[in-house]
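Colleague: Given the structure of chain H, go ahead and fit chains F and C onto it with the hints provided.
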Amino acid sequence: MKERSLLWRLGPLWSLVVLLVIVYAVTVVTSYLGDSVQVQFQYALVNLVIVVALYMFIGTSGVLSFGHVAFVALGAWTVGLLTIEPELKRNLLSDMFPVLFDIQAPWFLAIFIGGLVGGLLALIVAPVLMRLNGLQAGIATFALLLVVGQVLTYWSSIGPRSGQSMVGIPDVLDLQTTMFFALGAIVVAWLFQRSRPARLLRAAREDGIAAAASGINVVTQRVIALALSGLIAGIAGGLFALTNRVVQASLLGIELTFITLAMLVLGGMLSLSGAVIGGLVFSLIDLVLVRLQNGVELGSYVVSIPQGTRPIILGAILVLMLIFRPSGLTGGREIVWPFRRTPPLPGVPPTNE
Amino acid sequence: MATDEIGLVVRDLTVAYSGVPAVRGIDLDVPAGHAIGLIGPNGAGKSSALLAIMGAVPHGGSVQVNGEAVDGLAPERVVRRGVSLVPEGRHVFAGLSVKDNLRLGAVGRRSSDGVAETLDYVVTLFPILAEFRDRQAGLLSGGQQQQLAIGRALMADPDILMLDEPSLGLSPTAVDSVFDALATIREAGKAVLVVEQRAEFTVAFCERTHVLHDGVITMTLKPEDATNVQVLTEAYFG
Amino acid sequence: MNQLIQSLVDAISAGATLGLAALAIGLVFGVIRLANFAQGEIITASAYSIIFTWQLGWYVAIPIAILIGVILSLLMEVGVFSRMRMATPATLLVASFGLSFLLQRVYELFFGNNVRTAPVAPELAQSLEIGGIRVQLLSVATIIIAAVILVALVQFLNRSIWGLQLQAAAADFRIARLVGIPASRVIGLSFALSGILAAAVAFVSTVKTGAVGPPFGVPIVILALIGAVIGGIDKIYGALAGGFLVGFATSMLASWLPSDMSNFRDAYVFLLVIIVLIFRPSGLLVRGGTVRT
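Residue numbers (my numbering), protein chains in the order written: chain H, 1 to 353; chain F, 1001 to 1238; chain C, 2001 to 2293.
Honestly, the hints are just simulated from the structure, not real lab data.
Wrong hints could be hidden among the right ones.
Facing chain F, according to a computed beta carbon distance under 10 angstroms, are these residues of chain C, among others [as the list claims (entries may be wrong)]:
(1) Gly2112
(2) Asn2158
(3) Ile2161
(4) Leu2164
(5) Gln2165
Just so you know, even glycine gets a beta-carbon here, dropped at the ideal spot from N, CA and C.
One chain only, chain H, in its complex shape:
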């Protein structure tokens, strides 16, 4: 067997480092482009965390989930409840259980508690939902999203009355901190990707019958994956709450599900690089489209696109990607160490394994 050089062994680490550097670099660049770009990019980083969470589950198990935004919503809700001043809660969210008025936590801690709540819901629903495959899984997780949405909208004992929002979340989260959370999420996803449950899930994804015959309990592995990805999604929800400073169930539903799914599809569902690249590219295109909608000066011309075409273009990108390149921009591959000599196995995309 050929001696594996140190460089070769560091290969998988390379793809992680590249991703972290890219996210860092783009963040730095946007910080020089003015306030409104910075704000938009902060939202983009929040979405990036959601997409990474999505990848952790969909990318390894191969099972479609339309429900992750439910975990995001719970995370956002938790952080909202924990960071809004008790007095404000008493006045505006008057129908809540009294115990919820007084609970408070420092925002940094609140984010992680939000993650735990998201992860907890995932852990609860996973054992039942994870037996399903394909279309049924998609529908069932979609139903989960809708249930959570309905509950958060109408159950005024745990939040605002329907039509109202949670306001008054403090302005304490800056772009740099959000970036660190995003980097952290990528690291966690990378570690998970190399863990045993993820390897087993990928094996089961490639050949379910062989996996079952080898004694792999797919449902257990999926539960682990969903719980962990629910945790990250919950953290993203907390970040959303602190970025938007207003939380309402309608902001955390079908539209957000669509956007994050589109980002994952764009980048490539089967790799972490795909999730990150897809998230960044989609957000950058969106940034450009916002500028274009407002009119951009190029020399003596003003270039602009009509209002309302921005979401159409974004939607069209998703559909076109699915038609012409369903494996995404990265083709489901990780960013490979360029100096690797050994070619990948036939039929297997290089994943730095």
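Modeller: For chains F and C alone, coordinates are given in the frame of chain H:
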């Protein structure tokens, strides 16, 4: 079109699934009024060859029907060129009646003339299809479903009839009647290609029977070889 | 008693509407494994058409609505889904999701975010008295319309050669092609039929609400889709039954839930759906086996 051009000509047919080869270059000639057999163990590539000829799976090499190339055509187009397949396991439309199954077989005809005549022919060949015309196809026995599947394929008025393991799961009597019907079909001038696992029937029935092993044709048997145990064993396990 | 009959009639009417919508989804799914979330936008397009053309008379508005439904449906097939023949059902669902999002934004662009209104068939918005019991005329009309369409469809499927081809393709697409059934035409037929059904659903819904906005079809398609899946989206009549069930249950819950719980009506339905999927992933009406997904 000259009469000796009617038939199936296959040259250097190759089929591979995700890079794994199933058929590695075979030649077949099935002229009108002849029956050609293709036998071999499971996984030898027999079904793949038939599916490739029908255009249901991508393939290399060339397939000519009645002198015209059909490579790259969709299955429903290939049917219109004059080839019909009786698939492995029969696959009749179980929820529909016998009559409707036959009606559907006629959809692939080159010309909508002569449907009634073809139906008469099919019913003469397989009388129970008339008897059970309104019965749900899924309720028929295995042998009866096989007759229906053949009848359905014949409704397309093909010049070439291909059958994938027609004896599978059938009682010996049922197999007999199927091959009797095939003899009549051959006599009527059709070209018949029979794929089978069971050697004896096929070798005795067909003018030539090719043995397919691991994607290649290893030998060709004549009807007189049908009783030669040594040759048969070699064909099967050699 | 009166209230019970009334709510039953309303529930059957709601079930009939949703059943038609679910049937449209089931027809297409049976052939190409696409659960078309964008069916909602076809309904919306027909609905817009009805609102804008009603004053020209029903004999103009309804055919135009049907035409719009069929054309948009076929455009979706030709433009998007015909290029995705190799995709898994889950991927197709995501694509239809994207298409739905896209079309809603297009409607926003062309028609604005606010609803467009018009009095559509106001004669139907009254109550009848049958045997001393008051029922909504619209509910009765909906049931009749749905029944007529259903009977026509069943006749078409069972008698005409095109209907038979559709059944065959839905039963076993691969074999149907090998027998000589033209794939693209059958697929086009299923899309066209679902376009017609969308127009029917649009008609009854616009009579009820008199207003159409960009997200008009979304709540309908959500319920129709989950109804189709729990009924057994694999079988044409399974989807119909599932849609009917969800529509019926939703309506009954709306009539009978105590007011403080009525907001959660939809939540209960979704929970029910999850439960059904866990115990019967292939659908309520499918005997054993698994859906090819």
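Colleague: Each hint needs a verdict: does it hold in this structure or not?
Modeller: Against the structure, the hints come out as follows:
1. Here the hint on glycine 2112 of chain C is broken, as its CB sits about 44 angstroms from the closest CB of chain F, past 10 angstroms.
2. Using the Cβ-Cβ criterion of 10 angstroms, the hint placing asparagine 2158 of chain C at the interface with chain F is satisfied: the shortest such distance is roughly 8 angstroms.
3. About 6 angstroms separates the beta-carbon of isoleucine 2161 of chain C from the nearest beta-carbon of chain F, less than 10 angstroms, and the hint is met.
4. Restraint check, leucine 2164 of chain C versus chain F: the minimum CB separation of about 5 angstroms is within 10 angstroms; hint holds.
5. Contact between glutamine 2165 of chain C and chain F, as hinted, is supported at the beta carbon level, the nearest pair being about 6 angstroms apart and thus within 10 angstroms.
The structure does not agree with numbered hint 1 stated previously, though it agrees with all others.
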